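Kindly generate the complete structure, drawing on both the sequences and the hints.
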Amino acid sequence: MSTVLEVSDLSKSFGGIRAVNGVSFSLDEGEIVGLIGPNGAGKTTLVNLITGVHRVSSGRIVFQGEDVTRQRPFQAARRGLARTFQIVQPFPAMSVVENVGAGALFGGSATSKREAMALAREELAFVGLDALADAPAASLTLPNRKRLELAKSLAMRPKVLLLDEVNAGLNTAEIDNALALIRAIAARGVTIVIIEHLMKVVLSITSRILVLHHGELIAEGEPHAVVADEKVIEAYLGAKFAARYRAEAQNG
Amino acid sequence: MTVRRAFVFVLFAVWVALLATTPFSGDNYTVRIAIQIAMYSALALSWNMIGGFTGYPSFATAAFFGLGCYIGALSQIAGAPTVVAWIVATAGVALFAAALGLIILRLKGHYFAIGSIAIVEVLRLVISSWSGLTGGGDGLNVPFLRGGPEFVSQLVLGVMLLIMVIAFAVTVWVDRGRLGFGLKCINQNEDAADMVGIDVTRYKIAAFVLSAFLCGTVGAVYASWVGYIDPTDSFSIVFTVKVAVMTILGGAGTVLGPVVGAAVFVVLEEYFWANFLAWNRAILGAIIVFLIFFLPGGILRLDYRHLWSQAKARHGRIGMAGGE
Ligand SMILES: Nc1ncnc2c1ncn2[C@@H]1O[C@H](COP(=O)(O)OP(=O)(O)OP(=O)(O)O)[C@@H](O)[C@H]1O
Ligand SMILES: [Mg+2]
Numbered sequence: 013m014s015t016v017l018e019v020s021d022l023s024k025s026f027g028g029i030r031a032v033n034g035v036s037f038s039l040d041e042g043e044i045v046g047l048i049g050p051n052g053a054g055k056t057t058l059v060n061l062i063t064g065v066h067r068v069s070s071g072r073i074v075f076q077g078e079d080v081t082r083q084r085p086f087q088a089a090r091r092g093l094a095r096t097f098q099i100v101q102p103f104p105a106m107s108v109v110e111n112v113g114a115g116a117l118f119g120g121s122a123t124s125k126r127e128a129m130a131l132a133r134e135e136l137a138f139v140g141l142d143a144l145a146d147a148p149a150a151s152l153t154l155p156n157r158k159r160l161e162l163a164k165s166l167a168m169r170p171k172v173l174l175l176d177e178v179n180a181g182l183n184t185a186e187i188d189n190a191l192a193l194i195r196a197i198a199a200r201g202v203t204i205v206i207i208e209h210l211m212k213v214v215l216s217i218t219s220r221i222l223v224l225h226h227g228e229l230i231a232e233g234e235p236h237a238v239v240a241d242e243k244v245i246e247a248y249l250g251a252k253f254a255a256r257y258r259a260e261a262q263n264g
Numbered sequence: 254m255t256v257r258r259a260f261v262f263v264l265f266a267v268w269v270a271l272l273a274t275t276p277f278s279g280d281n282y283t284v285r286i287a288i289q290i291a292m293y294s295a296l297a298l299s300w301n302m303i304g305g306f307t308g309y310p311s312f313a314t315a316a317f318f319g320l321g322c323y324i325g326a327l328s329q330i331a332g333a334p335t336v337v338a339w340i341v342a343t344a345g346v347a348l349f350a351a352a353l354g355l356i357i358l359r360l361k362g363h364y365f366a367i368g369s370i371a372i373v374e375v376l377r378l379v380i381s382s383w384s385g386l387t388g389g390g391d392g393l394n395v396p397f398l399r400g401g402p403e404f405v406s407q408l409v410l411g412v413m414l415l416i417m418v419i420a421f422a423v424t425v426w427v428d429r430g431r432l433g434f435g436l437k438c439i440n441q442n443e444d445a446a447d448m449v450g451i452d453v454t455r456y457k458i459a460a461f462v463l464s465a466f467l468c469g470t471v472g473a474v475y476a477s478w479v480g481y482i483d484p485t486d487s488f489s490i491v492f493t494v495k496v497a498v499m500t501i502l503g504g505a506g507t508v509l510g511p512v513v514g515a516a517v518f519v520v521l522e523e524y525f526w527a528n529f530l531a532w533n534r535a536i537l538g539a540i541i542v543f544l545i546f547f548l549p550g551g552i553l554r555l556d557y558r559h560l561w562s563q564a565k566a567r568h569g570r571i572g573m574a575g576g577e
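Chains as they are written, first to last, in my numbering: chain A, 13 to 264; chain B, 254 to 577.
In short, the hints are calculated from the structure, not lab data. Owing to the predicted nature of the structure, the values given are computational and were not obtained by experimental measurement. There could be a bad hint or two in this list.
What the hints assert, rightly or not - Here are the simulated SDA-like pairs of lysine to any residue, each with C-alpha atoms no more than 20 Å apart in a straight line:
| hint | chain 1 | residue 1 | chain 2 | residue 2 |
| --- | --- | --- | --- | --- |
| 1 | B | LYS361 | A | VAL65 |
| 2 | A | LYS125 | B | ARG258 |
| 3 | A | LYS125 | B | TRP426 |
| 4 | A | LYS125 | B | ALA459 |
| 5 | A | LYS125 | B | THR255 |
| 6 | A | LYS212 | A | ILE187 |
| 7 | A | LYS243 | A | ILE230 |
| 8 | A | LYS125 | B | ASP428 |
| 9 | A | LYS212 | A | GLY250 |
| 10 | A | LYS125 | B | ARG431 |
| 11 | A | LYS125 | B | VAL425 |
| 12 | A | LYS125 | B | LYS361 |
| 13 | B | LYS361 | A | HIS66 |
| 14 | B | LYS361 | A | SER107 |
| 15 | B | LYS361 | A | ARG84 |
Written out as structure tokens, the structure reads:
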């Protein structure tokens with residue numbers, strides 16, 4: 013498999029705080045990677061660095077062989093580096109299909125508004141929002157807003173999709189739906205990084221996990237190995253989780 | 254949708270034709286009002302680009318207008334033919350707006366509004382102090398347009414109507430296309446717009462230049478019309494507020510709203526001006542307060558269909574389901 017994104021020795025300081033500190037990793041084409049860590053670990057900041065929202069303090073980001081360290085968000089979007097927000101960011105007064113159409117027109121391949129709207133309807137069908145295509149975005153429920161974010165990102169035809177807590181605030185049934193959707197996105201060949209606090213979700217969907225703590229990458233690897241890592245248990249998962257996890261693993 | 258669009262065009266065409274025939278049907282006073290309506294329509298349509306579509310509360314209209322007055326007047330004094338002077342003013346103001354936009358569009362919300370007011374004041378001060386070139390506070394005499402007074406006002410009306418039509422055409426083009434779509438995204442959520450692939454800086458500068466260049470033309474034509482300009486009248490904050498209020502009155506961010514707002518405002522102002530001279534400013538204030546509380550979306554954003562169905566319901570009939 014070929015590397016699609018490579019981050020080396022990436023750091024970001026806000027005043028005195030080192031929000032991201034010397035982080036290096038790479039993503040292979042088509043994999044689903046989990047990014048976990050306690051609140052304030054620097055997960056969102058890392059996504060913001062990769063998508064050009066924040067300026068990098070030091071380090072390098074290479075996307076498909078191109079140095080994109082200094083890119084702006086709109087350039088990231090056009091290149092195929094899309095993301096969703098922890099707090100959803102729709103264009104509230106526009107209809108659902110216009111929201112997604114904006115992604116297709118400006119970040120994707122559509123060359124006209126008409127084509128963008130047609131593509132948008134396809135993506136809405138894909139995420140299961142086609143029935144609400146003409147509703148105002150502000151009228152959607154939270155789970156549907158998250159779907160809208162996904163459809164908007166997908167309309168940009170991303171190579172890499174960074175999902176910042178897409179499941180936060182959803183109930184169990186809604187999470188199951190969201191997971192099915194993420195798997196379907198991965199099946200389209202999109203590389204996915206998923207930031208997620210629910211370990212059940214992370215373990216069920218990822219093939220690799222990155223763990224951030226105080227801005228540093230403290231562990232990286234295959235999910236079950238990472239979950240058993242003492243550093244990760246101490247920093248994030250806690251002894252209780254580790255015990256329960258071991259018990260569950262033994263019971264099959 | 255297409256029917257509605259055609260309706261907007263027909264309405265606009267009829268309105269322009271109506272204004273154009275005032276020299277044949279009305280007296281000098283009516284023609285003067287028609288000129289003002291055409292002029293303010295062009296200015297309001299321009300303001301709509303940045304204030305309506307993009308949602309940036311600009312007060313820079315007076316800066317562009319005033320600069321247009323002076324560039325036009327000075328070009329004419331330097332010997333340029335009238336039409337050339339108008340074109341020079343248009344281009345000069347467009348360049349000025351592009352350069353200014355690079356700096357001022359980094360500001361948002363109130364800061365942007367204050368920044369744009371400051372631009373008007375700074376330009377006024379510069380023009381007032383640079384008396385060697387601009388005549389300073391004494392103002393500047395502009396070469397008169399040739400011809401009798403009736404011919405001149407017909408000519409000015411024609412030119413102002415032409416500018417108004419251009420402003421409308423630009424508005425329709427922006428509204429339909431990629432640029433307008435991007436601007437509406439920026440209006441609603443600038444960060445999300447950036448994230449969706451919109452080059453926010455370039456789009457905002459484009460909107461700012463589009464909001465400016467015809468103000469330059471209007472200023473230059475106005476200077477030729479009145480024959481005398483001074484810094485206080487050319488760079489006036491009240492003037493700048495008026496244009497914004499007209500647009501909001503009609504419906505900011507709509508295609509026809511600025512035209513409706515300009516017409517309603519000019520007619521109201523003339524009426525009150527004639528009847529309650531001393532109250533003129535107070536009435537501008539009253540309109541602003543009324544707008545904020547009762548008509549935040551403007552005349553064109555009123556939900557007429559809703560009002561209609563309410564009226565029908567009151568008559569005991571059940572409104573039919575279904576939309577367009
Ligand atoms: N724009 C900013 N300005 C200053 N400090 C910031 C900014 N963004 C993040 N930080 C700080 O950087 C650190 C990392 O924050 P970040 O939001 O990346 O954490 P996170 O891992 O996403 O946490 P959570 O799980 O709560 O979302 C925190 O200490 C935060 O206060
Ligand atoms: Mg976060």
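- Task: Mind listing which of the numbered hints don't hold for this structure, in increasing order?
- Result: Result: hints 12, 14 break, sorted rising.
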